[in-house]
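Asks: So you can see what is in the structure, the chains are spelled out below.
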Amino acid sequence: MSATVSSRRTLDPAAPARTTPRGGKGRGRAGRQLHGGKITYAVLILFTIGSLFPLVWTAIAASRTNTRLAQTPPPLWFGGNLLNNLDKAWNGANMGTALLNTTVVAGTVAASTVLFSTIAGFAFAKLRFRFKNILLMLTIGTMMVPPQLSVVPLYMMVAKLEWTDQLQAVIVPTLVSAFGVFFMRQYLTQALPTELIEAARMDGASSLRIIWHVVFPAARPAMAVLGMLTFVQSWNDFFWPFIALTQNGNPTMQVALTGLSRGYTPDQSLIMAGALLGTLPLLIAFVLFGKQIVGGIMQGAVKG
Amino acid sequence: MTAPSGFTPDTAAPPAGQGGAAPRAATAPAPDPAEQRRRDRRSRRYRWDLRWSPYAFVAPFFVFFAAFGLFPLLYTGWASLHQVELTNPTHMEWAGWHNYSRLWEDEFFWKALRNTFTIGVISTVPQLMMALGIAHLLNYRLRASMFFRVAILTPYATSVAAATLVFALLFGHDYGMVNWSLGLVGLDGIDWQNGTWTSQIAVSTIVIWRWTGYNALIYLAAMQAVPNDLYESAALDGASRWKQFLHVTVPSLRPTILFTVVVSTIGATQLFGEPLLFNTAGTATGGADHQYQTLGLYMYEQGWVNLHLGRASAIAWTMFLILLLIAAANALFARRLRKSQ
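Residue numbers (our numbering), protein chains in the order written: chain A, 1 to 304; chain B, 305 to 645.
Everything labelled a hint here was simulated from the structure, so no lab data went into it. Mixed in with the good hints there might be a few duds.
Residues on chain B that point at chain A, a partial pick, calculated with CB under 7 Å [what the hints assert, rightly or not]:
hint	residue
1	Pro358
2	Pro364
3	Thr380
4	Tyr404
5	Ile438
6	Ala448
7	Pro459
8	Trp546
9	Phe549
10	Phe624
Just so you know, even glycine gets a beta-carbon here, dropped at the ideal spot from N, CA and C.
Turn these sequences into a full structure, and let the hints steer you where they fit.
Replies: Here it is in structure tokens:
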């Protein structure tokens, strides 16, 4: 039986799966086709300024000295102290380590969330098994539960495992996400034709082969979106890292930032330099992939 | 072809191996036994795969989920009935309802509950209304529409910590930019840190700034799914743009609005980083007079500053019950809405 040969041909990266159902985004039937008037632009520009100003001002404040920030007309333009502040934050306040730590944490969490969510989401979308609906309801139900509710026992576990101040204390509890599973299920239910899986089965493909050759190619756009969203969320995560990692041990960016602001006379320009360092990587990502991120959030909103 | 035709265990063809193979082997002109065995093994592996791989696919998720999500949730309830100290978190002493009755008598708990509610309202309501308005504007045909979308979403890229530290500086009493701007138009500076309303408004501003753009995009996505002919017929009936917005857009968006209300409500009950870091004194009290301490922050203070993990668990479970109430109210409200349509 030439199962392997024939399956490779039929399983070839899901040509039909690409035709995302229910397109209807942008152009075509996009709401009203009326042009925005002058007022529309004025209001939007105002909101844009409101959105961007605090970020720009962070950079301005980070380029000044602490004494300058404690004077009455607040600085409205850049000064010459940026490199000095960044250097102090990077070397003096452990921000370099924090940046590396945050990258490791967010990267690991995003990769594992995408992987596990895709295979679990596929099982929920296309396979039949006992307790499926109960398990799915459980997953959705707990999406609503805030993380504060689990913090005390998590802290006990971490203390018992002696993981305090170690990155795995932050990584391991967030390796999977109920939202991710639900998101992938919603996407795959529509984007992955059941016939394609049936055909693969007929050719004798095992489930793992189907995951690899059918599900992953079909899920790729949603995987990218989920990866981006999870990365941003994990990068900015504050509550649990703040409890599990102490400021002077082995901090993530957000925890290191709070460390900067503690102490008798916090150096505001240094804090702003830290805030800038912590935000800059995501801002760069926004400049490069802004369109995709916006598209991803809007897509998630419609599907979710 | 020994493979079952269906792909689910329920619809799978009668097994071709094991039971089915034995009698046939007796009557059919003796097939090669080795070949037969191989075929059996393959079909057995096949059925095994069909039956068990779904569980294997959801297992990693549920193992982690149970260990770090579900178990801690329930265990928090158990811990809330004990006296547990942070200094020795594995030692638990039975305390019954003591932690809860203490909360009931604690004025700071009630204050935190009230603050969570008021901050939740003054951050969620303007945020969602502005988001709706912006989404409406973005739904027009615009030049540089992608630029506007990305720009209003950028605050979403900042962390709670970074945003709060920046806003704390902007809202500073003596040298803050906000008070300086008020001075420019001849108004007195406001003590954003110490007043009850002023501090709560300042904290809410951070929330509003970070999430308005995000919600606007969610609304925009829903608006783009509204069929065009609804607007056309409304326009034919002589409805103005504002009337169209009120009578076509908003009703079509009801489920989405409900969704964002629920999500924002949940977010508001968890508020923690903003009130913690807005306090330039660096304590977890939410201001000298607890004037902007939220439940989340209060829980942290009890558990990790005052070292009472049991009491922190009781606060966590109280929050859980409040959330359940909100969810129930919401479900009721949603059903009412659906009936009225």
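Asks: Now look at each hint and say whether the structure bears it out.
Replies: Hints versus structure:
Interface hint status for Pro358 (chain B): upheld, as the beta-carbon distance to the closest one in chain A is roughly 4 Å, under 7 Å. The beta carbon of Pro364 (chain B) is positioned within 7 Å of a beta carbon in chain A (closest approach about 5 Å), and the interface hint is therefore held. Nearest Cβ of chain A to the Cβ of Thr380 (chain B): about 5 Å, under the 7 Å cut. The hint holds. The interface hint given for Tyr404 (chain B) is violated, since its Cβ lies 15 Å from the closest Cβ of chain A, which is over the 7 Å cut-off.
For Ile438 (chain B), the interface hint holds, since its Cβ comes within 7 Å of a Cβ in chain A; the closest pair sits about 6 Å apart. About 9 Å separates the beta-carbon of Ala448 (chain B) from the nearest beta-carbon of chain A, more than 7 Å, and the hint is not met. This hint holds: Pro459 (chain B) has a C-beta 5 Å from the nearest C-beta of chain A, less than the 7 Å allowed. With a cut of 7 Å, the hint placing Trp546 (chain B) at the interface with chain A is violated, because the nearest CB-to-CB distance is about 12 Å.
Interface restraint check for Phe549 (chain B): the shortest CB-CB distance to chain A comes to about 10 Å, outside 7 Å, so the restraint is violated. With its C-beta approaching chain A no nearer than about 5 Å, Phe624 (chain B) sits inside the 7 Å limit, and its interface hint holds.
When each numbered hint is compared with the structure, violations occur for hints 4, 6, 8, 9.
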